[in-house]
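A.B. asks: Take the given structure of chain L and dock chain S to it, following the hints.
So the protein lines, in turn, are chains L and S.
For the first sequence, my numbering begins at 1 and goes up steadily by one.
For the second sequence, my numbering begins at 1 and goes up steadily by one.
Where hints are given, some of them may not hold.
What the hints assert, rightly or not - Pulled a few chain S residues facing chain L out of the computed Cβ check, cut under 7 Å: (1) N148; (2) L149; (3) D151; (4) L155; (5) Y156; (6) A158; (7) P170; (8) R251; (9) W252.
Unchecked claim - Have a look at the derived ranges for each label pair, beta carbon to beta carbon: (10) S/F238 with L/A122: 42 to 48 Å; (11) L/S148 with S/W86: 38 to 44 Å; (12) S/Q85 with L/S137: 38 to 44 Å; (13) L/R120 with S/L140: 28 to 34 Å; (14) L/R244 with S/G10: 55 to 61 Å; (15) S/R5 with L/E128: 40 to 46 Å; (16) L/E125 with S/Y246: 32 to 38 Å; (17) L/R124 with S/I239: 38 to 44 Å; (18) L/A175 with S/Q101: 41 to 47 Å; (19) S/N117 with L/R124: 56 to 62 Å; (20) S/G199 with L/R120: 54 to 60 Å; (21) S/W86 with L/D85: 34 to 40 Å; (22) S/W86 with L/A176: 35 to 41 Å.
Just so you know, the hints here were simulated from the structure itself, not pulled from any lab data.
Bear in mind the structure is a predicted one, so any value in this text is a computation, not a measurement.
C-beta: ideal position from N, C-alpha, C; glycine also.
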Amino acid sequence: MSVNSESGLTGAAGVSPSVPEALVRLEGVCKSFKNGTTALTGVNLDVRNGEFLSLLGPSGCGKSTILRLLAGLTSVSAGAIRWKDARHELGFVFQEPTLMPWSNVFDNVWLPLRLAGASRAAAREKIEEILAKVGLSGFAKAYPRELSGGMKMRVSIARALVTRPSVLLMDEPFAALDEITRTKLNDDLVTLKCELDATVVFVTHSVYESVYLSDRIVVMAPRPGRVVAEIEVPAPLPRAEDFRLGPIYAEICRKTSRALHRAMDSKGSAIS
Amino acid sequence: MTKERFLNTGLPLLAVLIGLGLWEAVVRINDIPPVLLPSPSLIVLTLIKDWHTLYGSLLVTLSITLEALVAATVGGTLLALAFAQWRVLERAFFPFAVILQVTPVVSIAPLLLVYLNSGAAVLVCAFLVGFFPILSNTALGLASVDHNLLDLFQLYRATRGRQLWLLRIPSALPYFLGGLRIGGGLALIGAIVAEIAAGSAGRGAGLAFRIVESGYRLNIPRMFAALVLISVAGIFIFIMLSALSYALLHRWHDSARTRET
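So here's chain L without its partners, still in its complex pose (with noise of 0.2 Å):
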């Protein structure tokens, strides 16, 4: 665990130059788009290799922002990302499973090899291989029309992690999810991204999803998009069955309130 982790990191207050293994360092970021809102505003962040990172936030916040500034979708408008290396493989989820409905499992999870140069024959055992990891071995020939929203969810994860990613970028990938799906496919997220060894950067908006899950909470306020907490989940993943009933849990989830309703209490946000 690093040593700056407590601190609130608003601000310009710049970083430390003492910070481990960041994989990649957002540097005072600011996003501001066309129409004058800005999204993000100083925002300073370390994704540190091998965490499981939750950002957490009321719609507004510029969790998603960050999501996309992260996977070269968007620019930032001041402020500057860093990669430790030059290559870096990213795998993204989106909020919807967005499969193309006229290709099948396998042709899905294919797209990424495929853009990379990979023919069918090359792919197949690297797409074999994560569809039994993410538990869809037999699917492969089914049209995501006959498919359920949850295994829909799991195609789009193992098409983000075919290409073995060194970062994973989800964003609310489980929000239109039952109950019961979305537990068991925290389980197993959690179970792939050890398996896997990836880093995972999650946007959320459930406290409980993000303590279960996450090595660390970055907690954000909206209007204008910034970091307002940082907190540590000191229990290591994957979690122990019982962890849900456990005081670290308890205790991390009343902190992990706390600081989403001071988030949403602080300046600006108040008006809506």
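C.D. replies: Same frame as chain L, but now just chain S:
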């Protein structure tokens, strides 16, 4: 026959037969002369008697329509693809598209006849009518791509060509097929209307000419027989295009899906 099969095929068939029966009865009971309203049986007899002439005309009309439809499909699709690649082109072409679309092509048929011989004029007219639904539907389809999927393609650094081939074209397929079905029906209308406007027998007289000719000769049963064949041509085109649509979409698209009940 199960209840469901009866509802799907038996009932519509029965309704048509009852309708024809009523028609026949009304004509016979009231002794309506064929020159006003021929009975269905007389129409069938005329169809058989004049089969040679009418069949030749049916082939002429069908081949003009299909040629026009193929040209409209190729032209409409290529132009839509060009629009998708170069938005400037779409902007520049937009006024022309609007003008050509809001002007009933029927009204330019006489003009076409000034510039072209009647065969070519009929073909061009059918082409123009069928062209726009295919162009506008395909262009709409190519633009209606899931934004998240576009992001995904950008994330994996897909080239424009691959984005087009793997994402935009499959996304546009249902729209294109919808446009094709509309265009198919309209191409037939265009062919018929242009031929009526041309009004010439020429070397290839289509069904529309047979209708005009029967009108002059007050041969109403033959006019009805030609109308029947035009309907048949329309149904044929519709069924072919629906089958094509089903073949391409039934695995994945909701429009071709039978709902589980």
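A.B. asks: Work down the list of hints and note, for each, if the structure agrees.
C.D. replies: Against the structure, the hints:
1. N148: holds, 4 Å
2. L149: Interface hint status for S/L149: holds (6 Å vs cutoff 7 Å).
3. D151: Result: holds, 5 Å to nearest chain L Cβ.
4. L155: Check passed: Cβ of S/L155 comes within 6 Å of chain L, closer than 7 Å.
5. Y156: Hint on S/Y156: holds, closest Cβ of chain L at ~4 Å, below 7 Å.
6. A158: With a closest approach of 5 Å, the S/A158 hint holds.
7. P170: Where the cut-off is 7 Å and the nearest Cβ of chain L is about 5 Å from S/P170, the hint holds.
8. R251: This interface hint holds because 6 Å falls under the 7 Å limit.
9. W252: holds, 5 Å
10. S/F238 with L/A122: 42 to 48 Å: holds, 44 Å
11. L/S148 with S/W86: 38 to 44 Å: holds, 41 Å
12. S/Q85 with L/S137: 38 to 44 Å: Since the Cβ atoms of S/Q85 and L/S137 sit about 40 Å apart, the hinted range of 38 to 44 Å holds.
13. L/R120 with S/L140: 28 to 34 Å: holds, 31 Å
14. L/R244 with S/G10: 55 to 61 Å: holds, 60 Å
15. S/R5 with L/E128: 40 to 46 Å: holds, 42 Å
16. L/E125 with S/Y246: 32 to 38 Å: holds, 35 Å
17. L/R124 with S/I239: 38 to 44 Å: holds, 40 Å
18. L/A175 with S/Q101: 41 to 47 Å: holds, 42 Å
19. S/N117 with L/R124: 56 to 62 Å: holds, 58 Å
20. S/G199 with L/R120: 54 to 60 Å: The hinted range 54 to 60 Å holds for S/G199 and L/R120, with Cβ atoms some 58 Å apart.
21. S/W86 with L/D85: 34 to 40 Å: holds, 37 Å
22. S/W86 with L/A176: 35 to 41 Å: Roughly 37 Å apart at Cβ, these two residues keep to the hinted range, so it holds.
Of the numbered hints given earlier, the model fails none.
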